[in-house]
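A.B. asks: Each chain, written out:
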Amino acid sequence: MNIVVCIKRVPATDSRIKVGADGTSIDDSQLEWIISPYDEFAVEAALQMKEAAGEGEVTVMTMGPAESTKELRTCLAMGCDKAVLLTDPDSGTRDAHTTAHALAKAIQGLSPDLVLCGKVAVDRDQGQVGSLLGGILDMPCITEIKALSITDGKATVERAGDSGTTETWTVSLPAVLTTTKGLNEPRYAGLKGIMAAKKKPIDEQEAQLGEAALTIKSLELPPPRREGRIIGEGPEAVTELVRLLREEAKIL
Amino acid sequence: MAGDILVVAEHQAGTVKRPSLEALTCAAGLAGSLGGSVVALLAGDGADQAASACGQHGAARVLTLDVDISDTTAWASAVAGVASHESPSLVLFSQSNRGKDLAPRVAALLGLPLASDCTNISADGGALVARRPVFAGKALVNVTATGTMLATLRPNAVSASVNPAAGETSAAEITAPTRGLGAVLAEIVAAASEKVELTEAPIVVSGGRGMKEAENFHLIEDLATALGGAVGASRAVVDAGWRPHAEQVGQTGKTVSPQLYIAVAISGAIQHLAGMRTSNYIVAINKDAEAPIFKVADYGIVGDAFEVVPRLIEAVKELKAHA
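Chains as they are written, first to last, in the numbering used here: chain R, 1 to 252; chain B, 1001 to 1323.
Since the hints were derived computationally from the structure, they do not count as laboratory data. Incorrect hints may appear among the rest.
Cut-off 25 angstroms, straight-line C-alpha distance, at most; resulting in silico cross-link-like pairs (SDA-like, lysine to any residue) [what the hints assert, rightly or not]:
{"#": "1", "chain 1": "R", "residue 1": "K105", "chain 2": "B", "residue 2": "L1112"}
{"#": "2", "chain 1": "R", "residue 1": "K250", "chain 2": "B", "residue 2": "A1321"}
{"#": "3", "chain 1": "B", "residue 1": "K1195", "chain 2": "R", "residue 2": "T239"}
{"#": "4", "chain 1": "B", "residue 1": "K1212", "chain 2": "R", "residue 2": "E236"}
{"#": "5", "chain 1": "B", "residue 1": "K1287", "chain 2": "R", "residue 2": "E227"}
{"#": "6", "chain 1": "R", "residue 1": "K199", "chain 2": "R", "residue 2": "I34"}
{"#": "7", "chain 1": "B", "residue 1": "K1295", "chain 2": "R", "residue 2": "K217"}
{"#": "8", "chain 1": "R", "residue 1": "K250", "chain 2": "B", "residue 2": "E1197"}
{"#": "9", "chain 1": "B", "residue 1": "K1295", "chain 2": "R", "residue 2": "K200"}
{"#": "10", "chain 1": "B", "residue 1": "K1320", "chain 2": "R", "residue 2": "K217"}
{"#": "11", "chain 1": "B", "residue 1": "K1212", "chain 2": "R", "residue 2": "I230"}
{"#": "12", "chain 1": "R", "residue 1": "K146", "chain 2": "B", "residue 2": "A1321"}
{"#": "13", "chain 1": "R", "residue 1": "K200", "chain 2": "R", "residue 2": "I34"}
{"#": "14", "chain 1": "B", "residue 1": "K1295", "chain 2": "R", "residue 2": "G234"}
{"#": "15", "chain 1": "B", "residue 1": "K1254", "chain 2": "R", "residue 2": "W33"}
{"#": "16", "chain 1": "B", "residue 1": "K1195", "chain 2": "R", "residue 2": "I251"}
{"#": "17", "chain 1": "B", "residue 1": "K1254", "chain 2": "B", "residue 2": "N1216"}
{"#": "18", "chain 1": "B", "residue 1": "K1287", "chain 2": "R", "residue 2": "G228"}
{"#": "19", "chain 1": "R", "residue 1": "K105", "chain 2": "B", "residue 2": "V1129"}
{"#": "20", "chain 1": "B", "residue 1": "K1254", "chain 2": "R", "residue 2": "L209"}
{"#": "21", "chain 1": "B", "residue 1": "K1254", "chain 2": "R", "residue 2": "D125"}
{"#": "22", "chain 1": "R", "residue 1": "K82", "chain 2": "R", "residue 2": "S25"}
{"#": "23", "chain 1": "B", "residue 1": "K1254", "chain 2": "R", "residue 2": "K105"}
{"#": "24", "chain 1": "B", "residue 1": "K1254", "chain 2": "R", "residue 2": "A147"}
{"#": "25", "chain 1": "B", "residue 1": "K1295", "chain 2": "R", "residue 2": "E247"}
{"#": "26", "chain 1": "R", "residue 1": "K200", "chain 2": "R", "residue 2": "P186"}
{"#": "27", "chain 1": "B", "residue 1": "K1254", "chain 2": "R", "residue 2": "L221"}
{"#": "28", "chain 1": "R", "residue 1": "K146", "chain 2": "B", "residue 2": "K1320"}
{"#": "29", "chain 1": "B", "residue 1": "K1254", "chain 2": "R", "residue 2": "K200"}
{"#": "30", "chain 1": "R", "residue 1": "K70", "chain 2": "R", "residue 2": "E44"}
{"#": "31", "chain 1": "R", "residue 1": "K217", "chain 2": "B", "residue 2": "A1236"}
{"#": "32", "chain 1": "R", "residue 1": "K146", "chain 2": "B", "residue 2": "L1112"}
{"#": "33", "chain 1": "R", "residue 1": "K250", "chain 2": "B", "residue 2": "G1182"}
{"#": "34", "chain 1": "R", "residue 1": "K250", "chain 2": "B", "residue 2": "A1236"}
{"#": "35", "chain 1": "R", "residue 1": "K146", "chain 2": "B", "residue 2": "K1295"}
{"#": "36", "chain 1": "R", "residue 1": "K105", "chain 2": "B", "residue 2": "K1320"}
{"#": "37", "chain 1": "R", "residue 1": "K18", "chain 2": "B", "residue 2": "L1181"}
Ranges of calculated distance between the beta carbons of each label pair, as one might list FRET restraints [to be verified]:
{"#": "38", "chain 1": "R", "residue 1": "I202", "chain 2": "B", "residue 2": "E1173", "range": "53 to 59 angstroms"}
{"#": "39", "chain 1": "B", "residue 1": "A1013", "chain 2": "R", "residue 2": "E220", "range": "39 to 45 angstroms"}
{"#": "40", "chain 1": "R", "residue 1": "R16", "chain 2": "B", "residue 2": "S1159", "range": "30 to 36 angstroms"}
Predicted model, so just to flag it, every value in this text is computed and none were measured. From the three backbone atoms N, C-alpha and C, an ideal C-beta is built for every residue, glycine too.
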């Protein structure tokens, strides 16, 4: 079982976002960085699949600035075997099309049985890379899986369908799967893992970027909301709330 | 042809879904400045019945496609085939559960860029400009493409309005080659009761850790039912296993912008606020007058959820009974 997991280095989810001097990117001088949370489920799933198969190799891949070695080392410490860093200092502003093509070029050389990604990176919120990889690599793709098992070269997965339904899909390998919360509980890297990760290889190569398809004209903060207003205390305030919802908001 | 907008519309047994009506409305407003017209593309059983509603909302032409839409890959290949033939300036989807899965597949097949989850699309000269939230709404980005692009429109970002295109709407059945890729839908298990899709719901009622235990969520459910809305939850509640992740609102859950968002016993962490701050009206019910949620609440009530919510359910039911 040869698995590639794609991750992304993103600002921590409790970050306050400020617009950078260029007006098109964020001011990243004060930010803490993490592995995008949905990608952690992909890493954990890959490790579990390899452990269940009793053989195989898990390659963790990212396109990002040189600092992304920190997030790749974390994945190696969790148990991934090797890492590929496609260096791109401006990866944070790339559109999904550009990112997916650069990843696909590097993935093709590894001939994986399975490609796993988080359903969305929580910075640009594009939610496209997994599906695009499926298209570019000509592999079936199932998005936002919350359960996964593999038998006889087929993956069986569950995902949320419309109106609260759960869909079960079977898909032949190789395939691309994107992961969501509920799939598993990502492990923490132990001391032994952290020590072992230091000796694992990180293959750094320049990302092969095509021409950008979407360009950013401007980045701005959302307009401020109306000032908050407390209309009363306790259950007695419900009458006033209902009146406001009817007469002012015209919702009820 | 250039200037046209192809809207991939969804319907439920012949009734066009509201997010698709919103996409048609958005397209109708834009087609004029692009010098083209709106073409709606419907697929699946009942597509014929959905055609007139598409016309009412701005489509000059409606195309119906016979394809098994349960296989998103096959659906995507058919849509890509129609898009290649029509060569519009924009292919527009809604950022619905299906739309967000379908659109990137079509983008990959066409080799064109996709701006997902847009709140507005405009024309600047000949170029399209899509406005979309990033960092779960903590910032907004305006992106532009030089040529044809694809976009998905966030539900509730545009209000659907009746805006018939000039002249008679013509409907035509078309065929496009489809190709699946070895993914087979084995089973669909229905929910205990049909649920309103969280991101598409006009009203969302969310509960937080202050609900104390999972069993108490019946109050949140009852209020949502009385209002005809969907149930949401804070991250703390989902992490505690009280509610499924599908209901989580916030940066590692869903971003919602309903007409009305009611936060019950939610303090309002920055990640939660990011996921709901674009709601049209926000109501907060919390014991702690200092909770950050009150800073964004149009109407805040300081009080015990277990006293306030039952009273509110009663008031809403009474109002609906007399409506």
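A.B. asks: Going through the numbered hints above, which ones does this structure break? Give me the numbers in ascending order.
C.D. replies: 3, 7, 9, 10, 12, 19, 20, 22, 23, 28, 29, 31, 32, 33, 34, 35, 36 and 37
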